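Produce the entire structure from the sequences given, and follow the hints as far as they go.
This is what each chain is made of:
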Amino acid sequence: MALTLGELAERTGAQLQGDASVVIDAVCTLQDGRAGGISFLANPRYRKYLTDTRASAVILAPEHRVECPVSALVSANPYATYARVAALLSPEPVPEPGVHPSAVIGADCHIDAGVSIGPLCVIEDGVDIAHGVAIGPGCIIGRGVRIGEDTRLVANVTLCHDVQLGARCVLHPGAVIGSDGFGLANEAGHWLKVPQLGSVRIGNDVEVGANTSIDRGALEDTVISDGVKLDNQIQVAHNVQIGAHTAVAGCVGISGSAKIGAHCMLAGGVGVVGHLEIADGTVVTGMSMVTKSITERGVYSSGLAALPSDQWNKITARLKRLDEMARRLRALERRLDDEE
Amino acid sequence: MALTLGELAERTGAQLQGDASVVIDAVCTLQDGRAGGISFLANPRYRKYLTDTRASAVILAPEHRVECPVSALVSANPYATYARVAALLSPEPVPEPGVHPSAVIGADCHIDAGVSIGPLCVIEDGVDIAHGVAIGPGCIIGRGVRIGEDTRLVANVTLCHDVQLGARCVLHPGAVIGSDGFGLANEAGHWLKVPQLGSVRIGNDVEVGANTSIDRGALEDTVISDGVKLDNQIQVAHNVQIGAHTAVAGCVGISGSAKIGAHCMLAGGVGVVGHLEIADGTVVTGMSMVTKSITERGVYSSGLAALPSDQWNKITARLKRLDEMARRLRALERRLDDEE
Amino acid sequence: MALTLGELAERTGAQLQGDASVVIDAVCTLQDGRAGGISFLANPRYRKYLTDTRASAVILAPEHRVECPVSALVSANPYATYARVAALLSPEPVPEPGVHPSAVIGADCHIDAGVSIGPLCVIEDGVDIAHGVAIGPGCIIGRGVRIGEDTRLVANVTLCHDVQLGARCVLHPGAVIGSDGFGLANEAGHWLKVPQLGSVRIGNDVEVGANTSIDRGALEDTVISDGVKLDNQIQVAHNVQIGAHTAVAGCVGISGSAKIGAHCMLAGGVGVVGHLEIADGTVVTGMSMVTKSITERGVYSSGLAALPSDQWNKITARLKRLDEMARRLRALERRLDDEE
Chain A
31 MALTLGELAE RTGAQLQGDA SVVIDAVCTL QDGRAGGISF LANPRYRKYL TDTRASAVIL
91 APEHRVECPV SALVSANPYA TYARVAALLS PEPVPEPGVH PSAVIGADCH IDAGVSIGPL
151 CVIEDGVDIA HGVAIGPGCI IGRGVRIGED TRLVANVTLC HDVQLGARCV LHPGAVIGSD
211 GFGLANEAGH WLKVPQLGSV RIGNDVEVGA NTSIDRGALE DTVISDGVKL DNQIQVAHNV
271 QIGAHTAVAG CVGISGSAKI GAHCMLAGGV GVVGHLEIAD GTVVTGMSMV TKSITERGVY
331 SSGLAALPSD QWNKITARLK RLDEMARRLR ALERRLDDEE
Chain B
31 MALTLGELAE RTGAQLQGDA SVVIDAVCTL QDGRAGGISF LANPRYRKYL TDTRASAVIL
91 APEHRVECPV SALVSANPYA TYARVAALLS PEPVPEPGVH PSAVIGADCH IDAGVSIGPL
151 CVIEDGVDIA HGVAIGPGCI IGRGVRIGED TRLVANVTLC HDVQLGARCV LHPGAVIGSD
211 GFGLANEAGH WLKVPQLGSV RIGNDVEVGA NTSIDRGALE DTVISDGVKL DNQIQVAHNV
271 QIGAHTAVAG CVGISGSAKI GAHCMLAGGV GVVGHLEIAD GTVVTGMSMV TKSITERGVY
331 SSGLAALPSD QWNKITARLK RLDEMARRLR ALERRLDDEE
Chain C
31 MALTLGELAE RTGAQLQGDA SVVIDAVCTL QDGRAGGISF LANPRYRKYL TDTRASAVIL
91 APEHRVECPV SALVSANPYA TYARVAALLS PEPVPEPGVH PSAVIGADCH IDAGVSIGPL
151 CVIEDGVDIA HGVAIGPGCI IGRGVRIGED TRLVANVTLC HDVQLGARCV LHPGAVIGSD
211 GFGLANEAGH WLKVPQLGSV RIGNDVEVGA NTSIDRGALE DTVISDGVKL DNQIQVAHNV
271 QIGAHTAVAG CVGISGSAKI GAHCMLAGGV GVVGHLEIAD GTVVTGMSMV TKSITERGVY
331 SSGLAALPSD QWNKITARLK RLDEMARRLR ALERRLDDEE
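Protein chains in written order, with the working numbering: chain A, 31 to 370; chain B, 31 to 370; chain C, 31 to 370.
None of these hints come from the bench; they were simulated from the model. Every value quoted in this text rests on a predicted model; they were computed, and no experiment measured them. There could be a bad hint or two in this list.
Copies of the same chain look alike in the list, so a pair counts if it works inside one copy or between any two.
What the hints assert, rightly or not - Cross-link-like lysine-lysine pairs, in silico, DSS-like; alpha carbons within 27 angstroms at most:
1) 78 to 322
2) 350 to 78
3) 289 to 223
4) 289 to 350
5) 322 to 350
Have a look at this one:
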């Protein structure tokens, strides 16, 4: 789609600098800019590309406006403005409403006329799908599932029975919502399956990445609040609660009944132990393990940075004897105290 | 389903305390109990909710029976009794036997008359499916697969060719069994694929979580023994052997030819290096890495607990110089020895 | 398939030792060898099985030829020769060309006559599939996808729109290529989705494991070069570049815009932070986290080996006070300096 820079300014609320009539038809990078393209400057490390950009316009912060050699959209939050501009220029294609003849639809479903259901989907009995929902090819929607307006299941998504999705969610391929939690009772060394009788409730504006799984609750529901963003390959165990607008990066594992606050960020590979709480606004850095409740917002870590292996091996050899080292240090202090 | 407390006592072998005639129709939590509900007390931290519970009955251990304000099922293992009660009250719906007309069935299959095959499944040639098996929508069963009695594939499960599943297994959506192992021979810097000619043999009463993958063996089979429970997002590489009744939590990765004993527990995010053995009954705590064989049962760890990042960063800065610290400590000891 | 040892020598370039006419019909292990079987000796720990092997022939290195009690194929790289022999004896079954009637094919596709498309696949509009491609059951191929010659999608693989695959690739079940990257702009505490407008370009001879996901680029493409091998359960974020012939083991997570060199090896569970570069030929050992660019090839680590938990707990208790220990050590040194 092509829009003038003036139209983009108006629709995004950014301030126009320069030529309102320049026609923009795509987003591009600063370094590979081209006529008709609009780029953005959010990360200072790309500032070096600004003066030579061949983009027709750039989205940038007020402090960079004087350096900009072309027309600009000036915004206090250039990356957010970029996101809006990109969505205007490259809107997600909206599939035609209708049910593909190869889809298998159960009994007692309520499927709004404005819904698109792709080929080879299975919609089980008693499913309720609101206006504007788009279900891509190969999705499986279990009995009793409810899906809110304008939610999009890209392809090959599995929703188990009675799962509830809010409005405007996006679920990527391989996502599995509502699988049984890992509930096991040990009886004389054998594991007895504990029926998983809760469900999963997902709020509005939630995104779930590829091959991410969210288990249903054991008795009560697993709850993903509004605006939560989950990346790929994440495991969310039964009865977890994730607060609104929390973002979770790839390969994170969250154990059962953990309660993550709102506006948190969990970086890639983080592990969260079960039955604990994490305060609103907490940030956990990559590959850390949260083993206790975090009651005060802040940044938390236990990840280790890779070093050359010979150096690392020396450290770990010493680490194994750290307790002994501490005792030797104490002994030295005593000897010196005694001497003095 | 509704049963009297007396019937539940009889069917689970628990001891009845109080009114045998009270009708129970659902399980519930202690704190959100309601008339007709039965709750349980297994974790001592919930004991505080016992005296005020509104549940009609509670499953609990003998030491808590006097405190119980309502009728009770008394059991030495309340959680296991709860699992049995929940299964009685909320039985898994049994799908009607029969093959959905949209399923694609290959040649030379033996599918028992009591089998249910859901919509849009693919059953390739030469598959053998025993009585009582339920295959949910969108599953793919490769040629030559054999599935034992009463096993359930929830939905969207992929079994590659010649995989064998025992009886009463449950496989959750996204599980992939029998994918090629990561067998590569390096030849002048390029990787040559090593054909993966073994299969996967899974015993009875095994559960496999959502989006978990188990690779087929290179020459011999990957073997998952009876009663093993695998959570979501687990990677089991080729030729791994997992002993009976071992439980593996989410996000664990087990490298090729590792041999895990029986009755082990691997917590979330654990990694196991290849070609090693782990003794029966071993427990490995969260995010630890097993790098050598464990010959003695016990609890093993190498995970680190998250701390406030500024504190953690100071530690890791020191850690990098741990070898130097150890040498300085030794030097001090020598100086003191010399002085004395 | 059965071949004489002489034929195997000729086709693999290995040197024949012994009887050229012995007929070989399968590969086998050294310890479980049998008549008609050919085994190999690559890992020295299996050498003890050589003298008693019941295999009809063994593939081995020149230094082991004298010890071999049976006929042999002598090769400087026995494992690579084994890979070739196994592929000759157990060729991957080639499915019949043709489109299964249950597959749903879009408009404007170019599907070569020599292509096999299995049951219940969805091929969206404008897809281009070259000669010899085999697409197993239940795969979903988004609009505009291009797939090169002889590539094989085993089953249940999802390729999102406009993804490009080279020739001779193998993709295992559950693999998802081209899902949206995790692009989010924060605006007043809410996350705005940043449209992911790039795609994924995968070179020739690439293997992608079960339940692995590769996100599409934000603006430019995510690029997987020729000969890259990805194991199961891997997360490759948007705009990652992986250089030729790099092998990545299971459960690895690679963050956005990371640029991995050629001929690298990332072991299981490794995490790579975004926006960094890793030099060609780098090896990263298990469960390490790469937090900075690696400019010099070598072996890098930050993984920790599991110890008995009581021992580990003492170490971590000391570790928390490592900064204090370092300061006490410095204080001691000063005291001793002062004394002297």
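Status of each hint after checking the structure:
| no. | hint | result |
| --- | --- | --- |
| 1 | 78 to 322 | between (44 angstroms within a copy, 21 angstroms between copies) |
| 2 | 350 to 78 | neither (47 angstroms within a copy, 34 angstroms between copies) |
| 3 | 289 to 223 | both (24 angstroms within a copy, 25 angstroms between copies) |
| 4 | 289 to 350 | between (34 angstroms within a copy, 26 angstroms between copies) |
| 5 | 322 to 350 | both (24 angstroms within a copy, 15 angstroms between copies) |
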